[in-house]
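Peer 1: Single-letter residue listing:
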Amino acid sequence: MADRLVIVGVRHHSPASARLAHQTIVETRPAIVLIEGPSDFNDHFDDLRLAHQLPIAIFSYCADASGARAFYTPFAASSPEWRAMQASWRTGAKPMFCDLPAWRIDQRGPANRYADPHNLHARYQTLHAALETKFSAEGQDALWDAVVEQAPPDKVAPILEAYFDALRGEGEHDPREVEREQYMGAMAAWALAEAGDRPVVLICGGWHVAGIRAAAGAADGSPPPPPAPPEGMRAASYLTPYSYPRLASFAGYAAGMPSPAYYERVHAEGLDAAADWAMGAIGDALRARGLPVSTADKLVWRTTALALARLRGHRAPLRADVLDAALSALVKDALERPVAWTRPGVLSRSDDDIVVAMLRALSGSDEGRLAPGVRQPPLVADIQARLDAQGIEPGRRSTLVEGDWRAPEDRPRLQLMRQLLLLNLPGVKPVSGPAHADDVDLREQYEFARHPDWLGAVIEASRFGGDLPMAAAAALDAWLTDRRDDPAALAQALSRGLFAGVFMNSPLLIDDLSEAVAGTHDLGALGGAGRRLAGLFRYGEAFAAQMQSLNGLCAQVFQRLLWLCEGAGADAGAIAAVLAARDLARESQALGLDLAAAQDVFLRLALGDSAAPTLAGAALGYLAARGAPAARSDAIAERILRFGAPDRLGDFLGGLFGVAREHMGEAEGALRAVDRLFGEWSDSEFLSALPALRGAFAWFPPRERERLARVVLQQSGYAPALADAAAIDWMRQRAPISDQAAAMAAEQAALARLARYGLDDFD
Amino acid sequence: MAAQRQAGSVDPQAQRPPAEQLYADELAALRRADKGPRPPGWGLSLQAVRRFVVGGDGAPAKIVCAPALIERAMVTLATTRALLLIGEPGTAKSLLSELLAAAISGESTLVIQGGAALTEDQIKYGWNYALLVSEGPSHRALVPAPLYRGMSEGRLVRFEEITRCPAEVQDSLLSVLSDRVLAIPELGDAAMVFARDGFNLIGTANTRDRGVNEMSAALKRRFNFETVFPIRDAAEELELVKRESTKLLARSGVPHPPEQDVLEVLVAVFRELREAVGEDGVAVERLTSAMSTAEAVSVAHSIGVRGHFLRGDRGRPEDIVECLAGAAAKDNAEDLAKLRRYLDQRVARRTGEAWRALYAARHLI
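Note that the protein sequences, when read in sequence, are chains A and B. Each residue of the first sequence is one higher than the one before, counting from 936 in the working numbering. Each residue of the second sequence is one higher than the one before, counting from -14 in the working numbering.
Bear in mind the hints are in silico, worked out from the structure with no lab data behind them. All clues stand as given, with none of them false.
Taking lysine-lysine and the BS3-like style, the derived pairs with C-alpha atoms no more than 25 angstroms apart in a straight line are:
(1) A/Lys1267 - B/Lys205
(2) A/Lys1069 - A/Lys1090
(3) A/Lys1069 - B/Lys20
(4) B/Lys205 - A/Lys1233
So that you can see chain A by itself, here it is in the shape it has in the complex:
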């Protein structure tokens, strides 16, 4: 029976593998073709036969109380799986998917079915190190091209067999992959029984071949029971449009090839034509970025590519040859890091622009499109169900949706609107609402209308996930990723996520936030985000359920704040940062913060001489707020004298009062010290110090300022009663209220006008 089972091990999206799969089916004329893919999609297999424009993917999701996850099984024209389907239909074979449903595959695993088995890595690296030396290829993709893609068609099958044998090793298996292989093996045994005396072809990732063969031999040929989702889980698979950039964003050996547009050309027209196309595409992309790619450059580029191909023993310039030659001939500057095509993993933001541009050009930007009449993705129904549940029915004319975050019964409705907003769906227009969870006014209003593009946009948005919260979380994640370099994005993402209620089941989103925290160098922005987080502990009872998920992030922000504070060369953002640290420190029990280490940092800043004045003041403020002995009032007075130069005093006091104004008591000690300093200054010194000092004392609200005025007056010899009267007089508004109202109105008008020209974004 075994010789009727032909297993073709492939690398996903590899043109050579696709050719082999197609050829094997055409030659062996099997009755059944089994393909690695979600078997719960078999009922809808004919969906794949419609006239789609590739790339598309089978989008699977599962959702239960613990959260929701999405899986994709993508197909491009050069995918072996896709070619196998075409060949099956052409030869009258029955194509079927033979893998477990997506929800059954390890739920913490990667979201791509065609992703690396877990223990592949170590063996893979050893094998590759040896092969890369032998074939003088740098990087796994270059090696694959050199060994497989350029091999003569009749050699591909034995090469793949040997390669995957070596990769898997004798008797090796991955416990987490065993269930899949058992299932695929059982399907194969069943198909063999079903096919009578005709052969069966099975197309799967090369790593699985040995496991499936063994499992098929051991299975009895009865049809494996299709696994049913456990109680309370929603799971389904639908077709969804895919795109080349998304295909390229999955990295790793088994996940498939990089540069989908390039390999599409290899598949359609061969290596030589693909190299020509690649040079054209890269050249155009670089010219579009304003880099000169002269005819002379192109000449050198082509010569170099051909020479590299010959030197490396390739029969045509391969991807690495073209890219290496471009690097040699076109890049006229030092690179920041080794080029991305020589190392595993996807492009990162630290890659050089020119390298990113070259690789993007090879990835292409093609978007797939579904044929009309195909079943719709689940998000459409999900959103509809949620809107129905809330009794929201958008019509052609906009309806008003409103609520108050303080009212628990309003929250689900507002959360729903916030999630729709995250997906950027047309027709959802926010009218008013709080920007942050600690805002005073927590009422919110939307205008909501049925937009003509609504359905299309929801289908598009389904790329983020199968249901609305999942999709909203992923959309927010994507939003954050796009704003990697914008320090303010972190705080914004936090607020948006809290309102939309997406943090509880989105470890990925929280990971990305952590990454943003770890990478930020902007003290003030991180301080802003930290204050938002800390504020939630006190004001954010509407979001209490989500706070648990953010504890780790809070601790990380705290750590990072300490790190940045100690390295801050200037004052920018110091007060915000130390305030955030102070506020977070108050929640240290829940967060498990190391306050002793923090105290050390602030002691160094406050008592050392190297910190900038605002930061030193703020650090002292932190110590005062924490009640540290180093910040007793005599110590504070001593530090004030230390920072007593006219150009530093105001900044120092600003930092101190900004962080610890409410801990300064009557601030008498500080006032006395300041008073003593004033006495020694010349008029011009006093004038130069005045603006910063004014800023420092502005931290006190009017009533406290009045009290300070009283202290100053008494110190200057006024009798207590007189001092009281004079202090009240100092604080009295002298301009008539009507003038003040007019000034405020004028200011509002000016701001409104600025906003009209898009100049209102002062945050």
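Based on the hints, put chain B in the right spot on chain A.
Peer 2: Frame of chain A; chain B shown alone:
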């Protein structure tokens, strides 16, 4: 053919013999066994040059670097563009250019050392003034400089630290690189040196010097740039630091290299400060100094010397702190502060005896 006359006769007193002498036997063997096609004027085929530089088939590697870089560099040298190796200081750019010249031309000594004081006659040709005055301009009175020799003999010329030279001196290369001809107007209209096959130029430039004398766009166009990176693999770098520091220590009369865990900590510190990422993936601030492998070797050397001559041991983690101040921070107060912060905050979280010792000694800096 000067190099070949000297081949095999390494001067035992020489502090640092050139590569073609040091590896004379290996080069000769490669030349005998080499069946591959050679570009005109080349002493070896591309395959043989690659084997000589990065090793393979039993030959030892002379340098740690990606084979693809060597391949691109060789292809560039075989075409009409010159090669510019660019990178951080201490990434073995000069060694690489020396190895390439030794393998391709059999001679690596046609070197122009770039600098602020470099003039055109140190690049092209000068005159023997006594002869010039008595005979007037003549071939006899002409003193060839490396470029003249490289062109007329068909050899590779190395131009070190090209961006340290004034722009007008750099631009004197323009016509040579595009037309491959050097005119000597003093000798009359017909006096031209046409470059022979095998001539090309390898420049090296330092990214830390970027902006000092930025190359003109016209000159950039005539070069292919290759960025030479610090060693990517931590184990490989550790191995190299150990090997090289052992050699240096032996020359200084120190019998043992520092302990493995001390070297591990040293290399890890250098890598983290160089790449500006800690072992937990969190950003660390980059120092202004390069933290190169070469620098790590010299720190390992000083650690060994300190240990052996001051205390009679093999060097301790706290020596790293002492030596780091000189190597990493140089005279830059800002770097020193960054380094202190790194030791205070980052090293504090590390486990392992050597890391703890390093942390305990952080005040020495």
